[in-house]
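First to last, the protein sequences are chains A and B. Everything in the first sequence is counted per the working numbering, starting at 1040 for the first residue and increasing by one. Everything in the second sequence is counted per the working numbering, starting at 21 for the first residue and increasing by one.
Errors might be hidden in some of the hints.
[What the hints assert, rightly or not] Below, a list of computed lysine-lysine pairs in the DSS-like style, where the Cα atoms sit at most 25 Å apart:
id: 1; chain 1: A; residue 1: 1096; chain 2: B; residue 2: 22
id: 2; chain 1: B; residue 1: 90; chain 2: B; residue 2: 76
id: 3; chain 1: B; residue 1: 76; chain 2: A; residue 2: 1096
id: 4; chain 1: A; residue 1: 1122; chain 2: A; residue 2: 1048
id: 5; chain 1: B; residue 1: 62; chain 2: A; residue 2: 1048
id: 6; chain 1: A; residue 1: 1110; chain 2: B; residue 2: 62
id: 7; chain 1: B; residue 1: 117; chain 2: A; residue 2: 1109
id: 8; chain 1: A; residue 1: 1110; chain 2: A; residue 2: 1048
id: 9; chain 1: A; residue 1: 1096; chain 2: A; residue 2: 1122
id: 10; chain 1: B; residue 1: 22; chain 2: B; residue 2: 87
id: 11; chain 1: B; residue 1: 62; chain 2: B; residue 2: 117
id: 12; chain 1: A; residue 1: 1110; chain 2: B; residue 2: 117
id: 13; chain 1: B; residue 1: 87; chain 2: B; residue 2: 62
[Claimed, not checked] Which bits of chain B does chain A cover? Going by a derived footprint, with three or more residues having C-beta under 8 Å, they are:
id: 14; region: 38-49
id: 15; region: 114-124
Don't read these hints as lab results, they were simulated from the structure. Note that the structure is a prediction, hence the values are computed from the model and not measured. For every residue, glycine included, the Cβ atom is placed at its ideal position computed from N, Cα and C.
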Amino acid sequence: DGGITQSPKYLFRKEGQNVTLSCEQNLNHDAMYWYRQDPGQGLRLIYYSQIVNDFQKGDIAEGYSVSREKKESFPLTVTSAQKNPTAFYLCASSNAGNDETQYFGPGTRLLVL
Amino acid sequence: QKEVEQDPGPLSVPEGAIVSLNCTYSNSAFQYFMWYRQYSRKGPELLMYTYSSGNKEDGRFTAQVDKSSKYISLFIRDSQPSDSATYLCAMSFGNEKLTFGTGTRLTIIP
Chain A
1040 DGGITQSPKY
1050 LFRKEGQNVT
1060 LSCEQNLNHD
1070 AMYWYRQDPG
1080 QGLRLIYYSQ
1090 IVNDFQKGDI
1100 AEGYSVSREK
1110 KESFPLTVTS
1120 AQKNPTAFYL
1130 CASSNAGNDE
1140 TQYFGPGTRL
1150 LVL
Chain B
21 QKEVEQDPGP
31 LSVPEGAIVS
41 LNCTYSNSAF
51 QYFMWYRQYS
61 RKGPELLMYT
71 YSSGNKEDGR
81 FTAQVDKSSK
91 YISLFIRDSQ
101 PSDSATYLCA
111 MSFGNEKLTF
121 GTGTRLTIIP
């Protein structure tokens, strides 16, 4: 089965804690993306990566970090510097250079204890 | 002013009706247009992808792009309760980054 997997489905964060959200794809896509979704605000881009070992900040990168050591994996760390982390986090991938369509994973809901 | 405007709804229509969902945008440099459907607590799934002005049909769904008016639409014919979801428009300059509307929540009433 080809697709994008995200884990965990739900994640709880304590004050001052860093947490890491996993995103894996087996679509052989070059580009991967992380979005944050809040009610009434649509999807906002956190970070994206168009190639292994390279990534760029999106519109709301503060308080987040990423790595892209493998083509199929793009983990997102929500650091303690992100003061309002409660949101639905979505990972996506696309076949860079082919068309502009992005395919999404099932999402991770992050809640603060 | 947001780059992409989309009425958040909620929109409720009876089963079998034709649904019209719309987005307007301010930047004429957008070239690629997409519609995604998102069920509650799930990731968005791609419904339609268009590049040029005009209509594109896929089953009960028709995507329409009017670049001169900076306006895109999604029509759903013979709407079904399973169409109840949030519909997101998205568009791109061709730089592999998407700009999304806020989404319209649609409910089809049996």
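Results for each hint:
Taking the CA atoms of residue 1096 of chain A and residue 22 of chain B, the gap is about 20 Å. The hint holds against a cut of 25 Å. With a CA separation close to 17 Å, the supplied pair residue 90 of chain B and residue 76 of chain B stays within the 25 Å bound. Under the criterion of a C-alpha separation no larger than 25 Å, the hint pairing residue 76 of chain B with residue 1096 of chain A is inconsistent with the structure, at around 34 Å. With a CA separation close to 21 Å, the supplied pair residue 1122 of chain A and residue 1048 of chain A stays within the 25 Å bound.
Taken as a hint, the residue 62 of chain B and residue 1048 of chain A pair is honoured in the structure, with Cα atoms around 10 Å apart against an allowance of 25 Å. Under the criterion of a C-alpha separation no larger than 25 Å, the hint pairing residue 1110 of chain A with residue 62 of chain B is consistent with the structure, at around 24 Å. Between the alpha carbons of residue 117 of chain B and residue 1109 of chain A the distance comes to roughly 21 Å, so the proposed pair stays at or under 25 Å and holds. For the hint linking residue 1110 of chain A to residue 1048 of chain A, the alpha-carbon distance of about 22 Å falls within 25 Å, and the restraint holds.
Between residue 1096 of chain A and residue 1122 of chain A, the direct Cα distance comes to roughly 18 Å. Compliance with the 25 Å bound is thereby established for this hinted pair. Restraint check for residue 22 of chain B and residue 87 of chain B: the C-alpha separation of about 17 Å stays at or below 25 Å, so the hint holds. Distance hint between residue 62 of chain B and residue 117 of chain B is fulfilled; the C-alpha atoms sit about 21 Å from each other, no more than 25 Å. Of the supplied pair hints, the one linking residue 1110 of chain A and residue 117 of chain B holds, its CA atoms being roughly 18 Å apart against a limit of 25 Å.
As the CA atoms of residue 87 of chain B and residue 62 of chain B are separated by approximately 31 Å, the hinted pair breaks the 25 Å bound. Counting residues of the region 38-49 of chain B whose CB falls under 8 Å from any CB of chain A gives 0; the rule of at least 3 is not met. Remark: the region 114-124 of chain B is confirmed as covered by chain A, as 8 of its residues place a Cβ nearer than 8 Å to a Cβ of that chain, reaching the required three.
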